Amino acid sequence: MSERPLLSARGLTKYYGERLGCWDVTFDLHEGEVLAVVGESGSGKSTLLGLLATELAPSAGAVHYRMRDGVVRDLSELTEAERRLLLRTDWGFVRQDAREGLRMGVSAGGNVGERLMAVGARHYGNIRAAASDWLARVEIEAGRIDDTPKSFSGGMRQRLQIARNLVTHPRLVFMDEPTSGLDVSVQARLLDLIRGLVAELGLAVIIVTHDLAVARLLSHRIMVMRRGRVIETGLTDQVLDDPREAYTQLLVSSVLAA
Amino acid sequence: MSAAMRDDLPSPGATAGKETDAYNFAYLDEQTKRMIRRAILKAIAIPGYQVPFASREMPMPYGWGTGGVQVTAAVLGPEDVLKVIDQGSDDTTNAVSIRRFFAKTAGVETTTKTRAATVIQTRHRIPEEPLRDGQILVYQVPIPEPLRFLEPRETETRKLHALADYGLMHVKLYEDIARHGHIATTYAYPVEVAGRYVMDPSPTPKFDNPKMDMCAALQLFGAGREKRIYAVPPHTRVRSLDFEDHPFRIQTFKQPCALCGAEGVYLDEVVLDDRGGRMFVCSDTDFCEERRAAGHQGMMVDPGASDPSPEGEGGSRRKARDGWGEARHAARAGKRAAPSDGLRPPPPPYGGGSSDLPSDTAAEKREVVAKDKAGETR
Chain A
1 MSERPLLSAR
11 GLTKYYGERL
21 GCWDVTFDLH
31 EGEVLAVVGE
41 SGSGKSTLLG
51 LLATELAPSA
61 GAVHYRMRDG
71 VVRDLSELTE
81 AERRLLLRTD
91 WGFVRQDARE
101 GLRMGVSAGG
111 NVGERLMAVG
121 ARHYGNIRAA
131 ASDWLARVEI
141 EAGRIDDTPK
151 SFSGGMRQRL
161 QIARNLVTHP
171 RLVFMDEPTS
181 GLDVSVQARL
191 LDLIRGLVAE
201 LGLAVIIVTH
211 DLAVARLLSH
221 RIMVMRRGRV
231 IETGLTDQVL
241 DDPREAYTQL
251 LVSSVLAA
Chain B
1 MSAAMRDDLP
11 SPGATAGKET
21 DAYNFAYLDE
31 QTKRMIRRAI
41 LKAIAIPGYQ
51 VPFASREMPM
61 PYGWGTGGVQ
71 VTAAVLGPED
81 VLKVIDQGSD
91 DTTNAVSIRR
101 FFAKTAGVET
111 TTKTRAATVI
121 QTRHRIPEEP
131 LRDGQILVYQ
141 VPIPEPLRFL
151 EPRETETRKL
161 HALADYGLMH
171 VKLYEDIARH
181 GHIATTYAYP
191 VEVAGRYVMD
201 PSPTPKFDNP
211 KMDMCAALQL
221 FGAGREKRIY
231 AVPPHTRVRS
241 LDFEDHPFRI
251 QTFKQPCALC
261 GAEGVYLDEV
271 VLDDRGGRMF
281 VCSDTDFCEE
291 RRAAGHQGMM
301 VDPGASDPSP
311 EGEGGSRRKA
321 RDGWGEARHA
331 ARAGKRAAPS
341 DGLRPPPPPY
351 GGGSSDLPSD
361 TAAEKREVVA
371 KDKAGETR
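These protein sequences, in sequence, are chains A and B. Reading the first sequence from the start, the letters are residues 1 to 258 in full-length UniProt numbering. Reading the second sequence from the start, the letters are residues 1 to 378 in full-length UniProt numbering.
No lab work stands behind these hints, which were simulated from the structure alone. It is possible that part of the hints are untrue.
Said to hold, decoys possible - Think about it this way: if two alpha-carbon atoms lie no more than 30 angstroms apart in a straight line, the pair counts; the simulated DSBU-like pairs of lysine-lysine are:
no.: 1; chain 1: B; residue 1: Lys42; chain 2: B; residue 2: Lys254
no.: 2; chain 1: B; residue 1: Lys159; chain 2: A; residue 2: Lys150
no.: 3; chain 1: B; residue 1: Lys159; chain 2: B; residue 2: Lys172
no.: 4; chain 1: B; residue 1: Lys206; chain 2: B; residue 2: Lys227
no.: 5; chain 1: B; residue 1: Lys42; chain 2: B; residue 2: Lys227
no.: 6; chain 1: B; residue 1: Lys172; chain 2: A; residue 2: Lys150
Just so it is clear, the structure is predicted and the values come from calculations on it, not from any experiment.
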């Protein structure tokens with residue numbers, strides 16, 4: 001693990017016209033580190049994730065990322081081609097709604113293989129082998145490789161999204177509420193899977209969630225947001241067990257046995 | 001073409017063969033032709049790139065070749081000889097009408113011979129005979145965007161083209177193999193032009209894709225409804241997309257053409273009766289007729305029937321059946337006369353009754369039939 005951070009955000013601010021999205025967010029993320037961003041809805045979590053993943057342009061501030069070749073780049077200065085390449089090779093994005101992150105009309109194998117083909121893989125046998133390998137790793141039966149995600153359950157769709165994102169061995173994965181909308185047992189299984197993969201692959205993850213249990217299970221560090229501002233950061237157990245801010249105390253105490 | 005591309009053409013109405021002076025030369029006004037020529041020049045300069053143009057209303061419905069007709073009108077000069085084909089055939093409604101349209105509005109000479117034509121407007125086929133320098137092949141294109149059914153947003157497909165981001169195209173081919181075991185796309189098979197843009201070759205069968213590669217003729221594509229023109233300049237690389245372990249392959253046919261015996265050409269199926277009778281004949285009618293004129297014969301041509309060259313091959317293979325010739329003829333005439341919308345021709349009359357041949361030119365041109373009729377009266 002390198003001393004230099006993988007990703008560093010400095011003074012990230014986003015205004016939607018008059019309205020504040022998020023304000024002056026600064027943090028570093030190192031390789032293999034899992035950072036949870038928690039807060040109630042409307043607190044700017046998703047805006048922050050969008051800024052980091054270059055889906056939104058910041059009103060102020062910058063995000064720097066250390067590329068695979070070791071060069072640190074300002075993400076706002078990437079060309080569109082570079083940005084897309086980064087998004088589909090070194091990054092992953094697991095979305096809350098699987099329909100946004102998957103091609104629903106394309107088979108599971110095609111969904112996993114798409115990134116490979118996009119970066120130039122042109123051998124059907126190899127693409128298919130990689131796809132079935134990844135489907136196995138996310139516990140999707142080999143027999144479902146030619147089925148479309150339309151026929152998949154919610155939990156399966158999320159796992160397929162994860163496979164699709166991890167097939168190019170990214171170093172950083174963004175997750176936007178990956179477990180919400182799933183029932184509790186499926187959630188538990190998915191969290192287990194994510195935790196296993198993160199540990200095994202040494203992924204850095206930025207996970208946005210309103211569920212403190214998810215944050216506790218997955219993350220090393222936690223960032224609490226409220227009204228677009230980061231009000232408390234620290235190690236996950238430290239923040240959850242001994243919250244300093246009144247709002248965080250409220251948040252923690254309002255969860256049933258987190 | 002050089003004459004056609006100039007702006008100092010003889011003034012409208014100067015052509016001798018024109019039926020009427022009511023229209024400007026080749027229907028469109030000079031400024032419109034100029035605008036289309038600009039788009040064409042840009043398209044030629046960037047092979048495979050879709051150039052938007054201000055497509056005009058034409059006196060025909062969308063889907064009947066409004067794009068192709070505008071491109072043809074823009075490149076046509078008084079000295080040009082025009083051929084129009086529709087699914088390989090010179091005598092279907094669409095082809096006949098467009099040929100007559102230009103004969104009337106431009107007074108240009110028309111032909112059915114590939115060799116004699118300088119401008120060939122086509123729907124869904126490339127002639128079997130290799131094209132030569134100086135010829136222009138104009139395609140009628142319904143949907144110019146190869147990524148359309150994969151990515152519905154026009155803004156996004158433009159971005160994908162700009163970034164040469166064509167992984168999506170391979171996802172489609174991957175899906176084909178996953179579902180069918182092979183690449184099942186048989187027409188509008190995507191190609192990469194000059195190592196850069198991915199292009200939809202219009203709904204030609206993939207059989208014709210290799211003919212586009214390093215073709216000596218200029219290939220122009222016009223999509224009227226979608227308002228796009230694109231081009232493949234002469235002698236340009238056109239590569240069909242594929243996988244390393246599933247290489248591009250064209251269709252093959254088990255038997256040769258039933259009329260002219262040609263092999264390695266694209267064949268149409270013609271249903272002969274409602275008892276499973278069928279024949280496979282050249283889709284390129286001009287090619288087929290020329291071969292037959294040169295004495296080639298397929299399995300279904302009656303050799304005894306006033307054939308000038310009795311030594312023609314396949315004579316002994318002929319399996320005569322009562323009324324076969326009539327049925328075949330009627331089927332073929334029916335097929336050619338109907339707009340080629342994929343409908344089968346009406347069931348032909350079988351049995352050796354007297355023929356009620358449609359008296360269109362298409363039927364009259366088929367001398368084979370006359371021979372057959374003579375044969376049936378034996």
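*asked:* Please verify whether B:Lys172 and A:Lys150 have alpha carbons no more than 30 angstroms apart.
replied: holds, 17 angstroms
_Tell me if the straight-line CA distance from B:Lys206 to B:Lys227 falls inside 30 angstroms._
holds, 24 angstroms
*When you check the alpha-carbon spacing of B:Lys42 and B:Lys254, does it fall within 30 angstroms?*
The given pair, whose Cα atoms are some 43 angstroms apart, is violated under the 30 angstroms limit.
_Checking one constraint from the list: CA of B:Lys159 to CA of A:Lys150, max 30 angstroms. Satisfied?_
holds, 27 angstroms
*asked:* Hinted pair, alpha-carbon criterion (30 angstroms max): B:Lys159, B:Lys172. Please report holds or violated.
replied: Since the Cα atoms of B:Lys159 and B:Lys172 sit roughly 19 angstroms apart, the hinted pair holds (cutoff 30 angstroms).
_B:Lys42 and B:Lys227 were given as a pair; does the straight-line alpha-carbon distance stay at or below 30 angstroms?_
Holds - the C-alpha atoms of B:Lys227 and B:Lys42 are around 14 angstroms apart, at most 30 angstroms.
Hint 1 from the earlier list is the only one contradicted by this structure; the remaining hints agree with it.
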